[in-house]
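Residue numbers (this note's numbering), protein chains in the order written: chain A, 184 to 324; chain B, 184 to 324; chain C, 184 to 324; chain D, 184 to 324.
There may be inaccurate statements among the hints.
Any copy will do: because identical chains look the same in the list, a pair fits if it lies in one copy or spans two.
[To be verified] DMTMM-like cross-link-like pairs, simulated, lysine to aspartate or glutamate; straight-line CA separation at most 25 Å:
id : residue 1 : residue 2
1  : Lys289    : Glu323
2  : Lys208    : Asp305
3  : Lys197    : Asp261
4  : Lys208    : Asp288
5  : Lys197    : Asp228
6  : Lys289    : Glu204
7  : Lys208    : Glu323
8  : Lys289    : Asp261
9  : Lys197    : Glu260
10 : Lys257    : Glu204
Keep in mind that the hints were calculated from the coordinates and are not lab data.
Remember, predicted model here, so these are calculated numbers, not experimental data.
There are 4 protein chains.
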Amino acid sequence: MAISLNKSRTIIRKALAHGRETELKPLSVIVLDSGGHVIAFEREDGAAPGRFAIAHGKAFGSIMLGMAGTAQMKRAEDQAYFMAAVNGVYGGQVIPVPGGVLVRDKRGRIVGAVGVTGDTSDNDAAAALAGIEASGLTGEI
Amino acid sequence: MAISLNKSRTIIRKALAHGRETELKPLSVIVLDSGGHVIAFEREDGAAPGRFAIAHGKAFGSIMLGMAGTAQMKRAEDQAYFMAAVNGVYGGQVIPVPGGVLVRDKRGRIVGAVGVTGDTSDNDAAAALAGIEASGLTGEI
Amino acid sequence: MAISLNKSRTIIRKALAHGRETELKPLSVIVLDSGGHVIAFEREDGAAPGRFAIAHGKAFGSIMLGMAGTAQMKRAEDQAYFMAAVNGVYGGQVIPVPGGVLVRDKRGRIVGAVGVTGDTSDNDAAAALAGIEASGLTGEI
Amino acid sequence: MAISLNKSRTIIRKALAHGRETELKPLSVIVLDSGGHVIAFEREDGAAPGRFAIAHGKAFGSIMLGMAGTAQMKRAEDQAYFMAAVNGVYGGQVIPVPGGVLVRDKRGRIVGAVGVTGDTSDNDAAAALAGIEASGLTGEI
């Protein structure tokens, strides 16, 4: 099952709403499909101009490796040269920290990933999770 | 004046609505700020996975050169080697055809660009224009 | 529906068998999923070492653009600078000639692409089609 | 002596069979020739989409340096900047961990390399070795 544009909009709106309710800094949120391709993205007013690439890098690495941001960060801390090499083969497109969140359907299959950036990595991940859960899907941070 | 996220949403929604009303193929729409950085993007269900890069390339070239898609295409037809060289200096990120539309405010200043892809280049440009006009801004195709 | 590894093997074996029966030069065959990612690849003995990249480029462009090799070639002939620019945004990974074949399921949805290289582009496409049809899927050359 | 496509198929099938017997996660297996060029690749159903690049990076580094994954990992741990620099000259295509396995013929000459990814690096290397030995060649992990 693919994430529809409608569900992607819900994920983004609810992630941004979570950021406003918990008084986070301006957020940027991306939704990728199961092949790592962009479905939708929004950057809040006041966010730095380069935030697309950070949001994308968090979500893209999650899809390519089948491993969410928290697991990627652990691997980067254990074996920095491995994650550096992984970035080489993926064209430097991987940001291995929380805020990259895998999206699974009811059967547990990966159907996409969400990337959030703007506040701390943990707050970014919480915003992503809020959006994903509001859409009826399951997030793995 | 920058294009707000709110106005960007209006541009995208109205461009997509134009596509549905005129029975175009599934569209993808991007809004860039005046520095060429992504504010928002949406890809309709059924569009090919690589459409982000095409929409981005149309809008990015418009911003970088201060020249909309129609003018870029004319230049590419007159002097193919020039647009090839332009792509060299901009890292291959420019798609010089209609559907890349400059966005101007009431004083005529460029405040961003919209890129649309999915149907013919001319139909893409018309959808972009519909979105921009619905937001109260002015488009240059 | 995704193309399974089992179906991918059938596609490759039957494409290569078609090549042997019709006395084509040594072929290389790739199967990509609907996100443009490699499922399987084989290069026959005697094929040139660089054939992976050609097979990949034919199939990858088909997926990214949602347009098979024949349509890409027409576009390249009509508007060479457009396909050159497309290659820029896709990192130079697109080979716009026949032999890149879209794979559709019974409902007409694109589920992947096959790329064949080694003989003439038209013979390459015929081999891809033979493999796809043997797997019960539908090819668009 | 080159690795034939037939032997490459045996290597891949037996490596995957080893993975199933020992209950590893879904694996991806690549076989490169002595010039570092792809002969064959298969990705099991359920493996993450980006696995081709990881399998390739493990095998490619082994061929380019004439040094298998275990030796590369030791070098990366001793001298991270060296492996980073190696990746610079090889275009970021080297993944220096076990699972990249050199393939030697009876006279001890390097005839290719196998790359396996999907489980732990050590399990990946064991699967590669099982495949290589089943083909009558010798693996160096």
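| request: Mind listing which of the numbered hints don't hold for this structure, in increasing order? | output: 3, 6, 8, 9, 10
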